[in-house]
Amino acid sequence: MVAGGVLPALVLALDAVTGALGANPVQRATLQTGLLALALLLLSLACTPLRLLTGWTWPARVRKALGLLAFGYAALHFLIYLLDHGFSPGLLLEDVLERPFVTAGFAALVLLVPLVLTSTRDSVRRMGFPAWQRLHRLVYLAAGLGALHYWWGVKKDHTAPLVAALILAVLLGLRLLPRRRRRP
Amino acid sequence: MTPPSPERDEPGAPDPVRPRREFLKNAALFTGTALALGGGLELLTRRPGASEAAGEPLVQARRPTGPYDTTEAVTPWAQATSYNNYYEFGLGKDDPARLAGSLKTRPWTVLIDGEVRKPVRVDIDTLQSWFPLEDRVYRMRCVEGWSMVMPWLGFPLAALLRRVEPTGQAKYVRFTALDDPAQMPGQRSPILDWPYVEGLRLDEALHPLTLMAVGLDGRVLPNQNGAPLRLVVPWKYGFKSIKAVVRVTLTREQPQTTWALAAPDEYGFYANVNPAVPHPRWSQATERRIGELRRRPTLPFNGYAEQVAHLYQGMDLRRFF
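As they're listed, the protein sequences go chains A and B.
Note that the working numbering has the first sequence beginning at 1, numbered continuously upward.
Note that the working numbering has the second sequence beginning at 1, numbered continuously upward.
Because the hints were derived from the structure by calculation, they are not lab data.
Just some of the chain B residues that point at chain A, by a computed CB distance under 10 Å:
#1 36
#2 39
#3 44
#4 87
#5 145
#6 191
#7 281
Ideal placement from N, C-alpha and C gives every residue a C-beta, glycine not left out.
Chain B with its partners taken away, still in its complex shape:
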């Protein structure tokens, strides 16, 4: 305690009690404001953590290494099933894992029609019983610059196409996904022109790498990963690999595909992984493998150039991106 200063009672001198009270008031205000600001900003950027899928066994996980498999480390199940782009269930990466539970994958029928001699409407369980299921460990590269290694389980699309016998008129394959806002909450907003549609040239569709997947890592394909039936085209950006397929149509004309319609300058029909052709907003030269902090160089055709580059001989891949 300091003794009161002699000036205390002089007229015009400041009252020492008032500055102290003022200081305390200011300090309280300061702390309150600081916490409110910090809390508010924190809420603005925080997102709830994602949940992974449980995954029922589909077949015994065998994972033999075939001619198409990569030996790179497989992305952990928890990340492969909690970090997904699937706008039918929302724009956030963790939305599909949270919301795709509302999708009913049984019963499920797939219509295969168009320029084929034997069009068919078939139940998903019957469809997958037609072919022996194969494990395929593929690299997957998203157009956004991240990648995973996915242990798909499925059958070659070529096997299905041969079964329905394309006519000589068939030049392209159009895939259509489920359109049901009751089961797919993301479809309640017109973010994209639903249903999601994708397409391949017939020779791309018949390529042995092109897979129809029904499982992941020996388990039933989780809903957020495209159950019950999805396309996998490993040398193209991920958005080409349409999920929740209900219809496969052989066509004469190149199909109008969802992302190519939504932003034609950013997403082309071919969408081959190509480090030399940048996205308008970022370079495609590098990518981040999920689980790694550092970027790695992106490989032409996502590392499948040896198998698929011949499909595009003579094409200007800057134009046909």
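For reference, chain A alone in the conformation it holds in the complex:
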């Protein structure tokens, strides 16, 4: 799973070296890593509904890998942005404070950090499952901010961000269904 998830990054690196990223390679790399991060985050959010709907167990097993991969691409996306802006903390701060588009993306990344740090089995045991689960519900917020960031980043034709937002809405909506059914 992780091997497959890293594949696009390798192809991206290969494209960058061979010049296949086009006239504006930095911009393309930024867009692609951002898109990959959001796609992987949505895939990780699809695991639980898929398990509940089908009874399969494998989605639960790949969920963590997908989440970590999503963070990996989000971090890469942020790193490229930072490099592109000359690693300037002042400029980053200005961007985060003054431009909602950047604020949303940055907040999504920051929200994922505690989830990555507590992604080990050990953390679940140490925190206790209810507290761990409560913390990890932050992923809903992160995904929402990610989708918003995508929406704001597009100049015209919001089809793709709309598709992402709809998928997210369906995935979050599905979570409400089984709980209601479980009640007597």
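Fit chain B to the supplied structure of chain A, relying on the hints for placement.
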């Protein structure tokens, strides 16, 4: 080979064959999933490479350095003709190079009307024969934060305007691009309010820097770069420089322009390149010259402040952005 363990036949002991089979099954599943995921994600972000234009010679490429030329390195032809914003042919940067072949640039007539004493409807070849064509190496800055250096070939808009004799009522110039979804596939979706319309104040239009381009680097202007006739206003963001112009109208009122209508908080009528006024979603302080990895500072009026800053004296350029 290890000998079978003594526990093998004991009741309740795990069957060693099953874990192995399970492992192989899992490994196959794992590899399959990994490749499917990788492939799927890869397809999601991959785009086909762009094609550049061939370019017929228009006049001998002379490129003398005039008072308006920059001596900065010219953007390679392949990139200047394959990385374009031209929503009439799609939203992707490589869409115009792929799709603009369907545009027929001959015959082509241009209507010049409005507040002029001598309105005229003229064929493009006649129009460009009226004026000696000039090479102009200009910086071009896109509102998205990238830039190029373009060796345009064309004639000053002022020469054309003087020929049609604006009346005393003329205050602005409105430009209209071709509206034909049959030739311009991007117009089949209502991304923008077609046709594309742009405008200048009359003094901006009469400025010697303002060019009507018909060629690039001594060759006929490629379709994706705005053939057969486009506006070039080098101190303004690229979207002001309307492509495939079919009509030039002198007006009394400030024209309603396409991007200013589509997103008034992001794109103003003036659109002067200004590092001090950020776009709502990004800073305009820096830009990336196509072909370079590092950003460079953006210059006020795109480096043409000395020539044009006087046009805006006393204006608040944060308000009139």
